[in-house]
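S.K.: Residues per chain, in single letters:
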Amino acid sequence: MYVSVDQDACVSSGQCALTADDVFDQRDSDGVVELLDATPPPHRQPDVRSAAANCPAMAITLRE
Amino acid sequence: MSVATEPVQLPIARPNVLDLAPLYEVLRREAPITPATTPAGDPAWLVTRYAEVRDLLGDKRLGRSHPEPERAARITTAAVQNGPSGNYDTEEADHTRMRRLLTPAFSAKRMRMLSGHVQHLVDGYVDQLVADHAGAADGVVDLRAGLAFPLPVAVICRLLGAPERDRERFHGLSERMANYAIGDDAQRARAEFSAYMTELVEAKRAEPGEDVLSDLVRAQSEDPSFEYAEMVRLCVGLLFAGHETTVNRIGLGTLFLLTRRDQWRALTDDPDGRVNATVEEIMRLGAPGDLGLLRYAHTDLDVAGVTVRRGDAVILSINAANRDVSVYTDAETFDPDRAERTHLGFGHGAHFCIGASLARTELRIVFATLARRLPDLRLACDLDDLEVSPTLTGSLTALPVTW
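From first to last, the protein sequence lines are chains A and B.
First residue of the first sequence? That's 1 in this note's numbering, and the numbers climb one at a time after it.
First residue of the second sequence? That's 65 in this note's numbering, and the numbers climb one at a time after it.
Any given hint might turn out to be false.
Capping the alpha-carbon separation at 16 Å, the derived lysine to aspartate or glutamate pairs in EDC-like fashion look like this [unchecked claim]:
{"hint": "1", "chain 1": "B", "residue 1": "Lys173", "chain 2": "A", "residue 2": "Asp30"}
{"hint": "2", "chain 1": "B", "residue 1": "Lys173", "chain 2": "A", "residue 2": "Asp21"}
{"hint": "3", "chain 1": "B", "residue 1": "Lys173", "chain 2": "A", "residue 2": "Asp28"}
Not the full set, but computed from the structure, chain A residues with beta-carbon under 8 Å of chain B [stated by the list, open to error]:
{"hint": "4", "residue": "Ser12"}
{"hint": "5", "residue": "Gly14"}
{"hint": "6", "residue": "Ala17"}
{"hint": "7", "residue": "Leu18"}
{"hint": "8", "residue": "Asp30"}
These aren't lab readings, by the way, just hints derived from the structure by calculation.
Backbone N, C-alpha and C define an ideal beta-carbon position, used for all residues, glycine too.
All chains, please: the whole structure from these sequences, using the hints.
M.R.: The structure is reproduced here in structure tokens:
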């Protein structure tokens, strides 16, 4: 799995960071997504898929 | 059943607090955007299909303000989501500033840090429920008064820096503001809430704390484009939405689980493993109120073959979208194991609920703790006997349970 994020589309909801805080973080200043791990291990992938599906800005793209 | 040529009269009555009228399925299929008459008697568009509701939530051609507010369609006589709000010319800039100011305080990281405190509070409320249960002759306790209400209130008071001892006062004002069956009294309640909030923010100005109200007072004093009335309106909105919505959601979630014993049993067997998916299903299927999120078109736009004119009111039915059979298998069934992972329970796009991380944190801790500590929990009345108040959020007045 390869993860990418679109910081311009991000609306700072933080739902990805709540779901998978080892893969996504929020910038302190404005809450915009920061990608911590672009290639998460298999056991984290279900949460990463949830984060992508639930992103209210559709700012997370997965390539599998 | 087919869709009438007359506008749909809102609100569409529901069979009970958990289910929606079958008419929504007909509308989604045959008229996903349809003319409607608001409870106030004005014309609006009602949108019911998932794809259109989601797209319009994320569409910047609609907003909460109106180009000519005095000519805008009114929705209800309540003082929340009753008509246009904010300034048409500055709405986007105002919204951007509001999100920038509030996002850090409601970030996922901050909510994670708060979770120990939330767990401590929930444990205390459950301890008290257990003691009340032991002392009650009939063994019945009110889960609303003992947990669903005090928890979100305590948490939002701590975040905002509002005094918890005022909870009956601001909750009473919130209920009246959201009530569409009391005429002008809803607007009087908003005025009273604004006066109460003005006292509160002025107390913060004199003695700032590490809380959101103090942050907003400081930001307003440093930014000439940030009007005082706008700050007060925002603070009222935070205290209103910060408790009312979660109180209701705890009630709805409890009802879904206790009227579906197999789902409750599954949760009590594995609280930590199942609680997140259970909470998401509560967010999808819980359907507070009988209207939807309100927007006004800021330009003409075409939606599913219908032309919406600039200034038209558009009511986005989250309740209907979240039960769309073209998106969800067995859409009306409460099933945390479903394959579909998305819902619009917190909205979508730029106006996505800023308190979503807070709500998810509270709901996960509440339902995991109830499942762990009160596995034999059951309703102590029939679903049909529960009283629902005539407010936009359709809150339960009591939730009698036993075990």
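S.K.: Confirm or reject each hint.
M.R.: Here's how the hints hold up against the structure:
1. B/Lys173 - A/Asp30: Since the Cα atoms of B/Lys173 and A/Asp30 sit roughly 13 Å apart, the hinted pair holds (cutoff 16 Å).
2. B/Lys173 - A/Asp21: 8 Å, holds
3. B/Lys173 - A/Asp28: Holds, at about 9 Å.
4. Ser12: Hint holds; A/Ser12 Cβ to chain B Cβ min 5 Å, cut 8 Å.
5. Gly14: 4 Å, holds
6. Ala17: 4 Å, holds
7. Leu18: Nearest chain B Cβ about 4 Å off; hint holds.
8. Asp30: At 6 Å from the nearest chain B Cβ, A/Asp30 passes the 8 Å test, so the hint holds.
Comparing the model with each numbered hint stated earlier shows that all of them hold.
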